[in-house]
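Visitor: Spelled out from the first residue to the last, the chains are:
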Amino acid sequence: MSEITANHDSAHAADGHDDHHEQSWLTTYIFSQDHKMIGKQFLMTGIFWAFVGGLLSLFFRMQLAWPNETFPILETLLGSWAEGGKLSNDFYYALVTMHGTILVFFVLTAGLSGTFSNFLIPLQIGARDMASPFMNMLSYWFFFAASAVLFISFFVQTGPASGGWTAYPPLNGIRDIALNKGSGLGFDLWITSMTLFIVGSTLGSLNYVSTVINMRTKGMSFTKMPLLTWALTFTAILGILAFPALLAAAGLLEFDRLLGTSFFLNNIVINGDLQAYKGGSPLIYQHLFWFLGHPEVYIIIFPAFGIVSEVLSVHSKKPVFGYRAMILSLGSILVIGFFVWAHHMFVTGMSPAIGKVFVIFTLLIAIPSAVKVFNWITTLWRGNIRFTVPMMFAIGFVSLFISGGITGLHLGNSTVDIQLHDSYFVVGHFHIVMGVAAFFGMWAGVYQWFPKMFGRFMNETMGYIHFWGSLIGGYMVFFPMHFMAGVPRRYYAFDQFQSFNNFQDVNVFITLAAFLVMSSNIVFLINFFYSIFKGREMTEDNLNPWGANTLEWTTPVNPGHGNWPGDLPVVYRWPYDYSTNGNEINPQNKPLEEGEHEH
Amino acid sequence: MGTTLLAVITAILFFTIIFLVAKANEMSSLGKDADEHMEDTSNLQGKLLFAFLILGMAAVAYSFFELGPRMLPLSASEHGDLIDSMFNITNVVAMFVFVLTHIILLTFAYMYRYKRNRKAYFFPHDSRLELIWTIVPAIVLTFLVFRGIKAWNEIFDFEKLENTTEVLRFEATAKQFGWILRYPGKDGEFGERIIDQEHVSQINELGINWEDPNSKDDFMANELVLIKGKLTLAKLGAQDVLHGFYLPHFRVKMDCLPGLPTQFMFTPKYTTEEYKEILSHKKYWQKIDPETGNPKWQDFQFELACTELCGKSHFAMQRVVRVVTQEEYDAWVNESKSYYYTVINPDAAPAEEDVIEEVIPINEEIDSAALSIVARVR
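Those protein sequences? They're chains D and R, same order as listed.
According to the working numbering, the first sequence is numbered sequentially starting from -14.
According to the working numbering, the second sequence is numbered sequentially starting from 67.
Because the hints were derived from the structure by calculation, they are not lab data.
Glycine is no exception: its CB is placed at the ideal position from the N, C-alpha and C atoms.
A couple of the hints might just be wrong.
Unchecked claim - Partial pick of chain R residues on the chain D-facing surface, computed with a CB cut under 7 Å:
1. F85
2. N91
3. P135
4. M137
5. R184
6. Y187
7. Q305
8. D306
9. V307
10. T373
11. F381
12. Q384
13. V386
Model the full assembly from the supplied sequences, consistent with the hints where possible.
Guide: Following this line, the structure appears as structure tokens:
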């Protein structure tokens, strides 16, 4: 601990007041302790994984749309996994599993909260860095190691994990490739990767919470904190409380696999051969998994909530409506979010009596969610809305959050869930609400803070193309899935069933739309990487290009390690004094005028 | 390879053009006054958002028209109607909120698009409004919860079993990648199962205790046979990994777990023949199936599927479900051969010849192991 403290102090002493502190290339770009660089590292890694995860989904979408066709390109790319140009069923399930794991954990957790918590918390609360810059660096490198291990698992002979991203035992709980190819070495690597990931995420989260509690600049009381910082703090608290349950589950699962314990296994008969496992329960794993798994969706969506609250307010030049209600609703979602996990388990063999409790809590959580939506909409009312690219994504987010969230009413109601559980209706629901919507939050954030990150702007036209392609394409992919309410998910092909084979036309449509989404995101990638080096430059005379009140826009174009060259800014007002006092914007560090009251 | 190359070149060309146009746009906007540029783009994007509202709603309406009829098959069980009515009520609430909030959101976006002389209205909060949109959703949700739980209680009211004199019981045990369907035989009682090394074997995967007299007439079925109007209890389990017992038409879904029995109770409403008759009036089912040359409804069958990822052939765990009258069921039970007397101990079979020839393969190719043993016994 003393070493960490020392490091922390030196970061302040060295970087606080002048920018001429010498850093080698290695400590600036690779093993950096600057929260801004670490945030960018999370972003880059997240973008890499988003591309990989998206590509995987295209492969399995091709199988679903054209199950009888062959594509030589698949064999070229995937080798023996797609012999003769047709995806094997083993690898189909590996793709689905890895797609889920990558998107949920590596992109929408690390890439989203990792990026924006790191980059923005210190900047928005007026701190020079995180409470422990060293621990912060460590959190990224654990994530990097987790990424490396997961990536390596693609090259294992028996393939990567293929038993679903939820990794239910016994399918994943018995280390037998006869049962499931991906349950061999591939799944060991999956567990290793998740373990590293959880360590990294916990290090990061602890750091974010400590930073927000202890390192706010003068005047930055909790009630003057931007909603984004609130949201990121709550995200970190969720992570700290929920991830350990997954760590425990993963550990016990690996004991079952390697040491022959029976935490989750009982009376397993394989080909008429009774195995030695006795007395465990696969349901316990599911409880542990979803105890993380459900808060996890809030870990994913909270940063998007925060970003959207910020962006809507800045670009409509209005205070976010109901600031306190927004904090309160976030807080209640955080608390209730820990009591809804078993709505994933209504028909998994859990007692129907317990199910009822979870119906009540699940539908209860819709109330704060509804409050948030109405507050966002009211924020637009009588605004003066500048439809910049981040603003478009923020509005897209609200639309998607409504569309995806509303079907939670169906799924949260256990009676309806009997029919809908594990169907395409579920796939449509969660992809819109925590997939596409969370991505829209992330993109809104990237476009909004890109100038702060790289001192340049992204191209607008490409941004709009990216937005419309993703919005229309995203809806075209996931809206039709709701009509497949009777069709089970995780099916490699539907030709075995008369009941499910009547959606071939829809499957083709969805796959084509998925290509549209991918194309619009290639436009994003081109824009992103080109703009880092060649985008329109931000100038010192226009440090606050969006006209925002928050502190991050008071730093120079390229803030060094330490963020503010001189003294830290002092905060006098809340962040949403837009269009008041006769000014469109009133930055947080602008003293109150005579006779003015705080909001 | 030629087409791949062509596709790659086309894609590169496509993205290059987008890039060049976008850069040209940026260049031309730099010359403009910032306010004017913001007004132009906001005007365009605001109008596009409004167009998105109109076209999007039209697309939603069209999708209901086109796909709505395919959304769920007609419910074929009594509790299925409860589920469907709850589903429909939720749909109405959801669609109402979906349409209303989208109209407000996108209309606001359009109405308040940037104008250089427009002043935004400072409106930080309003307790009355916030109270309204806390309480109204709360009331609607209470209604949904109340109705949902009422139906849920009814569906899982296992006391019904005790108050009903005749209940059809069957046992479905899932394994990679098929179903072992056991019926209790004429006595209506299942033979006891003991899961230990002594009882579980390749020809007795379920670990049935053959000492139990009830076990003697238990039989394994190739298809699930149910009786119209009869309360049915599905006793569910799994051998190796998790599986899901799913009867889409009957709104039945429950996971099957090794070592942890589950159950689901339902009553079929139509025989397969009656259900076919209903389908014969529906457009989709009147279409001619190109493979058989018959109208689709003629080949209709109820099906059993797996809904919990269980390995590489998860998607292929299909069994046919047949709903018949009581008489037809009794006749079927009479014809079915006891597993004990055909496979386990054919010598003890009471005065029937050549039973082995007619043995019902309990699980087609999946049970090849068991069948090969049957062959050896032969």
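Visitor: Confirm or reject each hint.
Guide: Evaluated hints:
With a least beta-carbon distance of about 6 Å to chain D, the hint placing F85/R at the interface is held under the 7 Å criterion. Hint status for N91/R: holds, given a least beta-carbon distance of 4 Å to chain D, under 7 Å. Annotation: P135/R was flagged as interfacial toward chain D, and the flag is violated, the nearest CB pair being 9 Å apart, outside 7 Å. Evaluation of the M137/R hint against chain D yields a held restraint, the C-beta minimum of about 5 Å falling below 7 Å.
For R184/R, the interface hint holds, the least distance from its beta-carbon to any beta-carbon of chain D being 5 Å, beneath 7 Å. Interface restraint check for Y187/R: the shortest CB-CB distance to chain D comes to about 4 Å, inside 7 Å, so the restraint holds. Because the beta carbon of Q305/R sits about 4 Å from the nearest beta carbon in chain D, less than 7 Å, this interface hint is met. Annotation: interface hint on D306/R holds; nearest CB of chain D at approximately 5 Å, less than 7 Å.
Restraint check, V307/R versus chain D: the minimum CB separation of about 4 Å is within 7 Å; hint holds. Annotation: interface hint on T373/R holds; nearest CB of chain D at approximately 5 Å, less than 7 Å. The interface hint given for F381/R holds, since its Cβ lies 4 Å from the closest Cβ of chain D, which is under the 7 Å cut-off. The criterion of a C-beta within 7 Å of any C-beta in chain D is met by Q384/R, whose closest approach is roughly 5 Å, and the hint holds.
Nearest Cβ of chain D to the Cβ of V386/R: about 9 Å, over the 7 Å cut. The hint is violated.
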